[in-house]
Amino acid sequence: MNSTEKEITYKTSNSYATLNHLSSTTKNVWFVCHGMGYLSRYFLRYFEGLNKEENYIIAPQAQSKYYIPPKFRHVGASWLTKENTVKETENVMRYFDAVLEAENIPLDKNLIVLGYSQGVSVAMRYVAKRKLQCQQLVLHSGGIPKELTPEDFSYLSTKVSLIYGTEDEYLNEERIASEIQRAKSLFGNTVSIHPFEGKHVVNVDLIKRLA
8 MNSTEKEITY
18 KTSNSYATLN
28 HLSSTTKNVW
38 FVCHGMGYLS
48 RYFLRYFEGL
58 NKEENYIIAP
68 QAQSKYYIPP
78 KFRHVGASWL
88 TKENTVKETE
98 NVMRYFDAVL
108 EAENIPLDKN
118 LIVLGYSQGV
128 SVAMRYVAKR
138 KLQCQQLVLH
148 SGGIPKELTP
158 EDFSYLSTKV
168 SLIYGTEDEY
178 LNEERIASEI
188 QRAKSLFGNT
198 VSIHPFEGKH
208 VVNVDLIKRL
218 A
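In this note's numbering, the protein residues as written are 8 to 218.
Incorrect hints may appear among the rest.
Claimed, not checked - Derived pair list, reagent style DSS-like, types lysine-lysine, alpha-carbon separation capped at 27 Å:
| id | residue 1 | residue 2 |
| --- | --- | --- |
| 1 | K94 | K13 |
| 2 | K18 | K72 |
| 3 | K59 | K89 |
| 4 | K166 | K59 |
| 5 | K72 | K206 |
| 6 | K138 | K191 |
| 7 | K206 | K78 |
| 8 | K34 | K59 |
| 9 | K153 | K166 |
| 10 | K18 | K138 |
| 11 | K206 | K191 |
| 12 | K94 | K153 |
Hints listed in this document are in silico derivations from the structure and should not be mistaken for laboratory results.
Based on the provided sequences and hints, a complete structural model is requested.
In structure tokens, the structure reads:
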């Protein structure tokens with residue numbers, strides 16, 4: 008087969024979802040990256056318990072949507088795969104740029120970046136690549152990208168939280184130990200570890216405490 012794979016650049020559109028209102032009473036602005044199989048508007052449900060006057064949540068939407076098995080009735084989305092990861096990451100980064108430009112977050116707000124499951128990889132890459140100044144970085148039940156180094160975060164003096172369920176069906180003791188070691192190697196003493204009794208689920212109570 009004599010095939011050639013080519014590349015083009017074109018303009019595209021994508022949605023994102025927000026919860027509450029950005030106002031003078033807002034203290035925290037959350038930039039939250041959902042896991043695989045989610046849509047951003049549904050991911051926001053995990054943040055409804057936060058104080059509405061003090062917390063404004065921005066949930067970007069992964070661009071690759073698909074029908075979820077086994078019934079293929081509900082729609083989910085995925086950030087990245089192993090296919091053309093570098094180029095796809097650049098697309099995600101530019102999309103995040105556009106979301107934050109549109110939101111125009113005032114500098115006096117606390118920016119909290121949270122990634123859940125697959126969202127950890129895009130959240131961390133964005134913070135690293137854009138040298139994003141945030142007050143908190145929350146890594147919830149996801150893998151740390153292998154290419155990131157301590158130098159990528161050397162500019163950051165941010166509170167970093169690593170959250171995972173002790174019964175997470177996607178983690179074993181070896182993987183948990185590896186991710187904790189990776190986080191400590193990247194962030195040193197600024198990282199705090201928060202295990203909880205539970206499976207691969209969003210821990211709403213821990214999120215409330217971080218706020």
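Against the structure, the hints:
no., hint, in the structure
1, K94 / K13, "holds (13 Å)"
2, K18 / K72, "holds (18 Å)"
3, K59 / K89, "violated (38 Å)"
4, K166 / K59, "holds (23 Å)"
5, K72 / K206, "holds (25 Å)"
6, K138 / K191, "holds (19 Å)"
7, K206 / K78, "holds (23 Å)"
8, K34 / K59, "holds (10 Å)"
9, K153 / K166, "holds (21 Å)"
10, K18 / K138, "holds (25 Å)"
11, K206 / K191, "holds (23 Å)"
12, K94 / K153, "holds (17 Å)"
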